[in-house]
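Enquirer: Residues per chain are reported as follows:
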Amino acid sequence: MIVLRGVVKKYGSFEAVKGIDLEITKGELFGFLGPNGAGKTTTMRMIAGILAPTAGTIEIGGVNLLRDPMGAKAKMGFIPDRPFVYDKLTGAEFLRFTAALYGEDGPDLESRIDELLTLFELDRWKHELTESYSHGMRQKLIISSALVHRPEVIVVDEPMIGLDPKSARLLRELFRRFVDRGGTVLMSTHTLEIVEGWCDRIGIIRQGELVACGTLEELRQGSSAQGAGIEELFLRLTGEHVDHDLDAILG
Amino acid sequence: MPSLAEEARSKQPGFATLTSPKWRSALARFRRRPGDAPRGRGLLLGLAAGLFFAAAFYIAYRTVSYFKAVPEIGTLLAGKLLGMAFLSFISILLLSNLVSSLSTFFLAKDLDMLVAAPLDWGRFYLAKLGETVIHSSWMVALLAVPLLAAYSVVWGGGWLFPIVAIGALLPLFIIPGVIGSAVTMLLVNVFPARRARDLLGLVTIVAVGALVVALRLLRPEQLARPEGFQSLVDFIAVLRTPSSALLPSEWASSMLMNWLTHVGDPLPIALLWSTAGAFIVIGASIHRRLYVSGYARAQEGAEEFVRGARWDGIARRLLRGMSPIRREFILKDVRLFFRDSTQWSQLILLGVLVMVYLFNIRALPLFTGEQVPIFLVTLIVFLNQGLAGFVIAAVAARFIFPSVSLEGRLLWLLRSSPLDPGTMLRSKYLVGVLPLLILALGLTITTNTLLRADTFMMFVSVGTVLGYTLAIGGLALGIGTLYPQFDSENAAQIPTSFGGLVFMLLAVALLAVVIMIEAVPVIQHLRAVQNHTGGGPDALGWCLLGVVAALCGGAGVIPLNLARQRLLQLEA
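Protein chains in written order, with the numbering used here: chain A, 1 to 251; chain B, 1001 to 1572.
Hints may be right or wrong, so weigh each one.
[As the list claims (entries may be wrong)] Label pairs and their calculated CB-CB ranges:
| no. | chain 1 | residue 1 | chain 2 | residue 2 | range |
| --- | --- | --- | --- | --- | --- |
| 1 | A | Gln226 | B | Trp1023 | 54 to 62 Å |
| 2 | B | Leu1246 | A | Lys126 | 49 to 57 Å |
| 3 | A | Ile249 | B | Leu1246 | 54 to 62 Å |
| 4 | A | Asp114 | B | Asn1490 | 30 to 38 Å |
| 5 | B | Gly1554 | A | Asp200 | 53 to 61 Å |
| 6 | A | Lys126 | B | Ala1048 | 44 to 52 Å |
| 7 | A | Gly162 | B | Ala1026 | 26 to 34 Å |
| 8 | A | Thr215 | B | Asn1490 | 47 to 55 Å |
[As the list claims (entries may be wrong)] Calculated from the model, a selection of chain B residues having no Cβ within reach of chain A, i.e. all distances over 12 Å:
| no. | residue |
| --- | --- |
| 9 | Lys1011 |
| 10 | Ala1026 |
| 11 | Ala1028 |
| 12 | Met1113 |
| 13 | Ala1141 |
| 14 | Ala1278 |
| 15 | Arg1289 |
| 16 | Leu1379 |
To be clear, the hints were calculated from the coordinates, so they are not data collected in a lab.
All C-beta atoms, glycine included, are put in the ideal place defined by N, C-alpha and C.
Please take these sequences and the hints and turn them into a complete structure.
Expert: Structure representation (structure tokens):
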């Protein structure tokens, strides 16, 4: 469903992503992990069609994103890490606008908007400007906007920021149901418990390279860390160590 | 051993440290980095600024020299002129400080960090006041340079004059800053900050409009023509109208004129600086009492109600035949415009300027006395077309140019969806160009009717304005996309960027070329009228009108195509 072959992204002489190859199949919830600045968001934004890769190809649902961007994007819903919306539109107007970007229209759309707003408990604020929404409400609105056109693939960068426990649980069930029905989710996050509890497979990126990919058990075996917790495994795979003199820092 | 709280109290950061994020960011913008825009951009900006300063200095120098040469009352006149200039500076500063203090004291992004820090309230006030004053006054300070340079050159102010000028201007900038921030402080304690911003924006626009109308109705040019007055007493009376011993602008102009005319009077300096000092003390005590409650209120409610819901159905029916994406894009842009008071309130100012424009055309002494030759009337109709073109370019710079830049924060949505950038550009073109076309045609037909233009001139004017407006819409949108300001959230600031300058230069160049080409058929028409031979221009004349149409078509379509290509490659 999502295929990356030799994807490179350079900013001047700096190589942010160094030839990633990845294949995420239909019905899979894939977690993307990595330390800050490893190239996760750059990769996610290339898959979403916001950044153009310097080299390599990306396919979404069998459609080449570079050759047919409109066709590939039509299959996808993207949830960014920062919930920017039009402050002077109401929640319903924002969803109507987003649906129109995907060519959705007609009476069915209104019931779809109501359905999504009710699901995320935003129906009470349907006709209020989004500038009065909290961070979490905006995040839920953006998640609704990614679902409004019934995509085949969801690409989501840090989905949990600002969400309350109830909404987080709802999102988990939603994503699970989505992949069970044949959809594909690519999710980037720093919350290791989410990766552990939600994802079918995990990819770990470090300094622009995919250093490990597989199920949690495969990763443990691959790094000779049987029985290790996800945090330990992550630190081992990314080469991160907490060896600072914290007492000295805290005074 | 001192506690943490005592230590924080004793080690307060200085003004330079508190304001360092602002001035360091400003410095970083000027520094060139590898991969930055080519040096030509800086050169072009420098050239434009140099030309502006040279022109402003020349006009100021000629005016001040003229006033100084008037026997007996020359110095008085020049002093009054300076006082009037300073009075208008204070008025502008008062308004701009009102609006910018709302941002710096209540809405800025660094406030959470500063308010949470153990920062002394006095230092906080001075840092934010300094930021407000600099933000509001830098442009006025730049405008003052050519004016004061002209005074210095005409009177021989000497090398110390710049220091004296700074000494006079600094309190002149501080006083409106303190008043503006104090009024804002009071307002925010009554209204939530965002509502107060709407209110202030509206008040500012109305006040600026009133100022423009007042200046126009006062006819300051009469000052230069004493013979127009019934008696010298009347003239002197007019000279004295704006003066008041209580206005800081008068003190500042007296201080500078005293220096230039070698009069040793310390009173204006003492008045200026003691007033500025007293104002800071009063402002600080208001800040101490009201800031905490005002800041807490500023965190509350944004605007929740929705304007224009009942128009929605009508607009939706009107746009029924369009594709969903184009319809929703148009509706979205219209909603965002009319729900943002900083945007729609600009229409009030535009309305005032159009009124002044029409008033000026009507005031032309063409049909009040002797018969004016047809040549002159036609010439004015023709030149009026150029002036209208300039107004259209300025309006397009303000309303159409920022259109794509304003999508900055939502680029993630536009780029990740299957949206054809061409569809977006066409929707934005429609939203921008239709109102501009109504304004342009309304202005041209009204002024031509006032000027009693004949049928041919009416045809040429209307045709030209139609073609030029359609071209300018494409040019503004195209150049605005090629030089975007995605980080800017203030639509009014976007046209002041380098791209805005490029657009205005191209728009004026197009206007100049169109007028030059059309001069041929217009002259042919005039000859025919004067010789009573009838008929319009010959084949060459009509061909040239066709060239103008083609030129306008190209000027509109090419930038839009380039903009589409740019959007396809855009990375957010």
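Enquirer: Decide, hint by hint, whether the structure agrees.
Expert: Status of each hint after checking the structure:
1. Taking the beta carbon of each, Gln226(A) and Trp1023(B) are about 56 Å apart, inside 54 to 62 Å as hinted.
2. At roughly 55 Å, the beta carbons of Leu1246(B) and Lys126(A) sit within the given window of 49 to 57 Å.
3. Against the hinted window of 54 to 62 Å, the Cβ-Cβ separation of Ile249(A) and Leu1246(B) comes to about 59 Å, which satisfies the hint.
4. Taking 30 to 38 Å as the suggested C-beta distance range, the pair Asp114(A) and Asn1490(B) conforms, at roughly 35 Å.
5. Hint check: Gly1554(B) to Asp200(A), Cβ distance near 56 Å, so the stated range 53 to 61 Å holds.
6. For Lys126(A) paired with Ala1048(B), a C-beta distance near 49 Å keeps the hint of 44 to 52 Å intact.
7. The supplied range of 26 to 34 Å is met by Gly162(A) and Ala1026(B), whose beta-carbon atoms lie about 32 Å from each other.
8. About 50 Å separates the C-beta atoms of Thr215(A) and Asn1490(B), a value consistent with the hinted range of 47 to 55 Å.
9. No Cβ of chain A approaches the Cβ of Lys1011(B) within 12 Å, the least distance being about 15 Å, so the stated non-interface status holds.
10. The beta carbon of Ala1026(B) is kept farther than 12 Å from every beta carbon of chain A, the shortest such distance being approximately 24 Å.
11. Distance check for Ala1028(B) against chain A: the nearest CB is about 18 Å away, which clears 12 Å, and the non-interface claim stands.
12. For Met1113(B), the shortest C-beta to C-beta distance to chain A comes to about 18 Å, beyond the 12 Å cut-off, and the non-interface label holds.
13. Look at Ala1141(B): its CB is around 33 Å from the nearest CB on chain A, clear of 12 Å, so calling it non-interface holds up.
14. With a closest Cβ-Cβ approach of about 40 Å to chain A, Ala1278(B) is found to remain outside the 12 Å limit, as its non-interface label requires.
15. Every CB of chain A is more than 12 Å from the CB of Arg1289(B) (nearest about 29 Å), matching its label as outside the interface.
16. In this structure Leu1379(B) is separated from chain A by more than 12 Å, as the shortest Cβ-Cβ distance comes to about 47 Å.
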